[in-house]
Amino acid sequence: MTERSVTHLQNLLEVILQALPVGIVVHDDLGRCILANAATQQLGTKATRDLPRAALTHPDGVVVEPVGERMMEVQVRSVKVDEEVYTLTSLVDFTHHHRLQRDLINRAYIDALTGLPNRTMFEQSVEELVARAGRTDRFALAFIDLDNFKHINDYYSHAAGDAVLRRVSDRIRGALRASDMLARVGGDEFVLLLNPVTDRAATFAAITEISERLKQPCFIDGHEIFASASIGVSLFPDHGATYEILRCRADNAMYQVKGGVKGGVSLFDETMSHAATARMAVEQRLRLAIRDRRFCCAFQPKVDMRTHTVLGVEVLLRWRDEHGTIHTPGNFIGLAIELGLINEITLQVLSETIRSIPVIDDIFGTGVSISLNIAAKQACDVPFMTQFCDTLGKTGMASRFVLELTEEAFFTKGLFQREVLPCIRAVGARVSIDNFGVGYSSLAALAEITADELKIDRSFITDIHKRPRSQILLRAIESLGLALGMSVVAEGVETHEEVAYLLGATQIRCAQGYYFAKPMLIDQIDSTNERISAPRGIYQQRQISSGRAYETRKSALR
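Under the numbering used here, the sequence shown has 203 at position 203, and the numbering climbs by one with no breaks.
None of these hints come from the bench; they were simulated from the model. Think of the CB as a built atom: it goes at the ideal place given N, C-alpha and C, for glycine as much as any other residue. Keep in mind that the hints are not guaranteed to be accurate.
[Said to hold, decoys possible] Derived DSS-like pairs: lysine-lysine, alpha-carbon spacing no greater than 30 Å straight-line: (1) K215 <-> K258; (2) K377 <-> K518; (3) K215 <-> K377; (4) K466 <-> K518; (5) K150 <-> K215.
[As the list claims (entries may be wrong)] Pairwise CB distance ranges, derived in the manner of DEER restraints: (6) A205 <-> Y514: 43 to 53 Å; (7) T198 <-> R132: 15 to 25 Å; (8) L104 <-> R132: 19 to 29 Å; (9) D304 <-> G330: 20 to 30 Å; (10) A175 <-> T450: 38 to 48 Å; (11) R102 <-> R320: 48 to 58 Å; (12) P237 <-> T95: 44 to 54 Å.
Model the full structure from these sequences, guided by the hints.
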């Protein structure tokens, strides 16, 4: 190779070296920098000065180190030229990849809304704590579930709900030690690790203090919002030696609170485990009942107290279990709502009701209204209610249906009135306020309701002839309903004295209750039934007159 060629090659290598986006640095065996390309010089002199130290620490290796505001991947190698040893270092800007990696870690382990650890990070931390725990180590796990959080979202807004969640996390963190850990594991669920703990009394006191903090009002967007939490606590190692067992038992204790007075604290005990096992058994049976379509309908008439004419019929949910036993909703409806099974159950009830219309007409009278119950939680579930109304509309008889909802559904700010009610009206169905008087109605909210019917709760009707104060309230509710253009129905009428009072002292004419007829399944209503004495005779007369038609349809419904 000629001298000119060598010079050209040296110049070419120099140009390439300076053009490389990767920093290249060469140090001699005394640690002096003898070469640094343009990319390295952009990093500053401090970077090149510190590189030999990295070379000694990680010879022939790769490290990621901060250089100024950037993260650099530093690769160090020793090279030998003419018996002299040099250190060759390359630097690659790793900042973007480092930030991306950090973001991915945050997404995997950090809750975006609150900045708290998420379920994955919390589980791993507790599992590591359990793995290295000594014989005397003790800690507590608390499961925290906000009470009625959905109402905050529905009434105020989801933005307000998010603000409440952040406020809750801040309040809990304010009561913790550096060794404790709080995580958000669900929409309105948190788990708390108290580590270490000394005894049950001290642990219970610490959790109770947190509970009291959470009961203080939150001032958000000009609103004073109250939020409480039901908290269940388990202890390591008393209640379990794994994270999963401890979490389940804290969860069991939390449900013990939910089943009583919400907003409290409960420490796990073994009786809760038995209750949880029983609850899981019922849950499994409910799921099987949905699969096997074991939910059926009972029917109870609404009667004109003056003429004993059947004006309508209410469809009441029943569960015929695998043993043939009939269960009323009080035994399972709360769990079905909690588990998110209620929508499918309601659609099954609607399907059976539609199939039963010919029998309803035969027994109760052609064209009588048909009332169906909708849970408050369902009433604000726009996708479900849209599906429900579509199914109702396809029958061509939607105008016969009355959807009964409790007061709670009407007072979720705007959602039901704005999105669901128009859907119900569009198919021609009517709306009833069920169990009126036991909810949280205000006169202002009631004035905004556009319902067709108001059903007065049986707590106002029972022994009404003996209760002067209840009589005053009853007349006030009646007047209010009539003034707002709603028909008024008395629920739970059971005695002749109650009927006599309603007829003599009020304008209420429509009533429902055991005095007229108990709820009955289709296959229990038979023309051979013993005749019901007056004034319930009209119900029995229709039953008898339609006996033959009923028998031909009953087999088709089974």
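List, from low to high, the hint numbers that the structure doesn't satisfy.
none
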